[in-house]
Amino acid sequence: MLAFLLTFVLLLLGGVAYSGGYPVSEATQTCIECHSEVTPGIVADWRASLHARITPEAALKKDKLSREISSSNIPNDLKKVVVGCAECHTLNPKLHKDTFEHNGFKVHVVVTPKDCAVCHSVEAKQYEKNLMSHAYANLMNNPVYHGLLDSVDGLQSFDGKRLIYSKADVHTMADSCLYCHGTKVEVKGFVSRETSMGEMKFPVLSGWPNNGVGRINPDGSMGSCASCHPRHSFSIAVARKPATCAECHKGPDVPAYKVYVVSKHGNIYYSEHSNWNFKHVPWVLGKDFKAPTCAACHASLLVDEYGNVIAERTHQMNDRIPYRIFGLIYAHPHPKSADTTIIKNKAGLPLPTKLTGEPVSKFLISPAEIEKRRKRMEKVCMACHSTGWVEGQFARFEKTIKFSNDMTLAATKILLKAWEKGAAKGLDKGDSIFNEAIEKMWVEQWLFYANSVRFASAMAGADYGAFANGRWYLSKNLQKMLDWLSFKLGGKK
Amino acid sequence: MLAFLLTFVLLLLGGVAYSGGYPVSEATQTCIECHSEVTPGIVADWRASLHARITPEAALKKDKLSREISSSNIPNDLKKVVVGCAECHTLNPKLHKDTFEHNGFKVHVVVTPKDCAVCHSVEAKQYEKNLMSHAYANLMNNPVYHGLLDSVDGLQSFDGKRLIYSKADVHTMADSCLYCHGTKVEVKGFVSRETSMGEMKFPVLSGWPNNGVGRINPDGSMGSCASCHPRHSFSIAVARKPATCAECHKGPDVPAYKVYVVSKHGNIYYSEHSNWNFKHVPWVLGKDFKAPTCAACHASLLVDEYGNVIAERTHQMNDRIPYRIFGLIYAHPHPKSADTTIIKNKAGLPLPTKLTGEPVSKFLISPAEIEKRRKRMEKVCMACHSTGWVEGQFARFEKTIKFSNDMTLAATKILLKAWEKGAAKGLDKGDSIFNEAIEKMWVEQWLFYANSVRFASAMAGADYGAFANGRWYLSKNLQKMLDWLSFKLGGKK
Amino acid sequence: MLAFLLTFVLLLLGGVAYSGGYPVSEATQTCIECHSEVTPGIVADWRASLHARITPEAALKKDKLSREISSSNIPNDLKKVVVGCAECHTLNPKLHKDTFEHNGFKVHVVVTPKDCAVCHSVEAKQYEKNLMSHAYANLMNNPVYHGLLDSVDGLQSFDGKRLIYSKADVHTMADSCLYCHGTKVEVKGFVSRETSMGEMKFPVLSGWPNNGVGRINPDGSMGSCASCHPRHSFSIAVARKPATCAECHKGPDVPAYKVYVVSKHGNIYYSEHSNWNFKHVPWVLGKDFKAPTCAACHASLLVDEYGNVIAERTHQMNDRIPYRIFGLIYAHPHPKSADTTIIKNKAGLPLPTKLTGEPVSKFLISPAEIEKRRKRMEKVCMACHSTGWVEGQFARFEKTIKFSNDMTLAATKILLKAWEKGAAKGLDKGDSIFNEAIEKMWVEQWLFYANSVRFASAMAGADYGAFANGRWYLSKNLQKMLDWLSFKLGGKK
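Protein chains in written order, with the working numbering: chain Z, 128 to 620; chain P, 128 to 620; chain F, 128 to 620.
Extracted from the complex, chain Z is given alone in its bound form:
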């Protein structure tokens, strides 16, 4: 505490103190007084952040392109101090079910997009239209996808004859699927703890910790801005780097990051990025960076060195993406709504295509919207590439979407035959479609291999289109499925 006072000299002026020249609210000073000793890491992290060195008032004075703040009606008491602990953790105390009394303040643990929206309202609004914000419900409330989750996360035991599946428990889901999709964070009660500052009461949260993109928060909001802007620096630089996206987009189901690494863009990024400027707003193409990162193509505001806008900032990640190549089960035009639980195909399944691949158009974006999004992405490409180059790239990509869908269809047909012949039990028998060997092979056909091939094409990292979970496996897996069926049927076909 003494140490704190020595290093952080404050000059009190009507509830505001100045730290290193920046106005800090009295409330935040109180937080820091203890927390610089209790949780020194995050206090230090925050101190080095932009939040600690600019007031919303000053931020609003920047010219439109340079501004990182988008709300115009920021409350006066927040406007004139830097964004410290109290500014976020004490906002709207009644809304947050995890609010608790803490040294005279009504503090909540889980800061949410609703809190961030006070200053970043445009981004928060865009994010609501982002599929990611619905990642919890889109998985948990879709019976087909939830069935897949149970087949992955459910405990199994062997009774001497059969494998007995259990439903997935909350801890296991939080350690697996919901790590990225987001957990449901709920207040389960309050607990007293002996701390270095005496006995204190804290809320007990289920589904905590979690930073998933579709986290259900105690204030009812969805998502976590810290998924990509990690606490407590909330840096735009971090969000622009591919390691951020890699946290959830690297696995065999969605190998976007891996594809990027072996693309020419990734090659240049990994060779050169230490000389680039990841903090500059707006992001000047060719000057601040020389090859795109995930953010450059999918989210960032990009300008050329004369200030011409090449792409507007968006936090709706499919704003520049016409097709949803993360095939569940087939690639298809993007859903219209971020809430995909409303989708039903002809067979009544909550899937954006039929089991044989035809898209369920009424829930998906129109050809005109496809064209619009494609044009937005092409404009980014064309900042460095000629029209011929970009057209060639897209022609190839669309061919690959068709190729990978067709290879999925071949697998589906083998599966349907297995169900028909009784070699496995499927939809018609009311059984899970994910619990038998051939069903798991079928899942890998689309979830691993077809996805891999499409990401490889979209971002031009061909390893994942060839031997690294790519076409080699698409092809081999079909043969494996057929062999399994043949062994199962005892050689009879």
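Possibly wrong hints are sitting among the right ones.
All copies of an identical chain are treated as equivalent in the list; a pair is satisfied when it fits inside any one copy or across any two copies.
Pairs of lysine-lysine residues, derived as DSSO-like cross-links and limited to a Cα-Cα distance of at most 30 Å, are as follows [to be verified]:
no.: 1; residue 1: Lys-556; residue 2: Lys-607
no.: 2; residue 1: Lys-328; residue 2: Lys-506
no.: 3; residue 1: Lys-552; residue 2: Lys-603
no.: 4; residue 1: Lys-241; residue 2: Lys-188
no.: 5; residue 1: Lys-315; residue 2: Lys-328
no.: 6; residue 1: Lys-315; residue 2: Lys-506
no.: 7; residue 1: Lys-526; residue 2: Lys-315
no.: 8; residue 1: Lys-391; residue 2: Lys-252
no.: 9; residue 1: Lys-391; residue 2: Lys-233
no.: 10; residue 1: Lys-463; residue 2: Lys-506
no.: 11; residue 1: Lys-294; residue 2: Lys-556
no.: 12; residue 1: Lys-256; residue 2: Lys-544
no.: 13; residue 1: Lys-471; residue 2: Lys-540
no.: 14; residue 1: Lys-548; residue 2: Lys-206
Calculated from the structure, these hints are not laboratory results.
Knowing the structure of chain Z, use the given hints to seat chains P and F on it.
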């Protein structure tokens, strides 16, 4: 355009203007005038490059070791200006079938090794002897390898009983194997496009875009210097970094980069390289860098801090490599010619070994040449390691070549038995040797696991020699092949 | 040599010369005189190291927290010169069986933890209690684990009916398992070599080169400090970076590094670490670094910016780890002794648990010790995270340990049934438990998938808990094992 004039003040002196003190040809100025707005990214990239800041004349004045240019007879009009857009994109217009009229210039789209050879003739010559420059034909014109390609890239459908294979189509190959091997780029016609500068005519190219190492160019040349020196900075620093090689040498078939990452060299590189100098020519071992990258061992001119040459620069990548450990099907001494389509084994197959592993010596380098190349590599090793260390390393490596070849042979013998017993249809039946389950397992034995084990040994990254696609799989796969055969034969052996 | 004299001006003062202001022993000067030309890379590496720029005497004068040296009784002749070639390579010549006469010095090749202990005695002592230091014997002298090694590294041949396994040979083991575990380095004789300095005699070493963590050295000691502090800079900065640990902790058996990369900690590290200070001692959390690396959580001395100690430095890597989640075969409390060959379970097998999972408590740490270690780790977590966060993380982790052990048990039960039914030959038949298909699937269940799931939980990188060798495979593999058994038994169950 106005913006351009403001930031890029030119002083015209007889067709040459000065930009930031550097002489830029009038033609290049014209290009930049529009392209700094049309494709700002690449113009900015070029501006920061060495090409934009040195004339060939000045480059030739450097001492021999520091020189990055190797031609002595550079035309006078090129000598006195920096290497800009027009210097490369308007060279030899008649040779390039993709040449088109563009604002009064005869421009070609695809810059090729023949263009680069004007200043970098020695490197271009060496590259012609590089297996990589023949990567297109070596794959496409070898019926065995092309058969493998078709089994990977060919679309399959299921007719209710069998899988029907199609031949691979051009888009799919370009998104898969030919991404690295290179496509055949051909002019398919010309197209008019409405542009921000009015209507313009452009060539339509097949196989475009592509940066593959053996690309067949519209001027008849093979390869793309931009594979490793990416446009439009053409940086030597990028080519020296392992992320460049990773683009094509990371997959399970050729995991060189992955092995490097888990080697001690990779450990040091990833921990320390931000303090190293990747631009300095010649590359001073111990001073400019402390652990080798791919380029250091295989390509770069290396000197010690007194200027003693440790290794000469080479663009023939096997110049310091005696054995071709990328086993197709077995590891063997390197082929004499970069064109491997000329090779025939005793059985008439276009393979450098017999199906049972014996090398077809007359097409492969001699023991004396093996020794010479090994010595070149050892000299690099010995700049940091003692003789005993290096001998130990090579003894182990040669043992591993034998081990992996023997494990491949065991797999081949199981396959031959499967063919003999009619469990699968192979060469004797005129059938593809890549389309059945056991054949695919056999391919993985050499293409994935044996290759992995050898790269792991060569570069001392043992993960890939043990559990990461290494010996664990070499061993397990043999058992899988045998089980498959036994199931297929219904328990009969 | 002349060059050397020019760049390295020496002022001789009673056996000590000054190079760049630092006192270098006469012996080391003599080494450098030749080796700056013979092995320029390592001399340059050393010159830039801390060893070359500080004497033990000066190092001892630093305050306790800043000190990187821990011995108090350093011999006087070593105290007053920097730590050069001779200081390490000529220590205790009689102890080292690889000592040889070299230009008038008694030099040994293999510098060992006993040599380093002269100045770093505390670290060397701690390392002796590190499981890693026993990695050679713990593998080679445990018949079960050695059986696994033989099944991986042993050459196989196919005799037309069966696969014939050979024992693993030394070269193959050194290229595989023993690369990380360490080889046994023994003097096999001496050899004369023609060198640029004339004919010279050198020892011939088996198991060389090697940097494995449990290397058996010619002086009888175990381990290699250069595993993590690579020669010849021996940098603390390198040891603190995750690329160092990745060399041996990245494979599918122990994917700690891969998990780190996709964790939030890894995200921040890869996005921000180029701005951090990896050299500062003690390591100031929040200031020198903002997200932990492997070393931060498991080894480093950590303080906050007021100098409060958060964690003491340790070279016993499980000092802050209660559970051994590298399950062989099940996760369990850490062994008491670093020598695990002394462990016997009830069935007499050298395993820390029964085949059905119960830990063999008498060889494992007590609940009190578990609690103590957990508290040490929690203190590190709590420097940035709240108590609720940390408790949630640990509750989840312990659930995952149980989950993964239960999924391993299910696999074991299927295996036991296969043995019982005669579908495979196991322990009861005196056969290897690693050589049949179902046994290899069983190994993957714990060695790859259960391990992956646990590391993913411990370090919060959920990709490896879900689809990347995680729960998807835990689940699918059980089904595969059961299918194999069913096919093998011809449909009979």
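Violations among the numbered hints, reported as their numbers in ascending order: Checked against the structure, the hints that fail are numbers 12 and 14, while the rest are satisfied.
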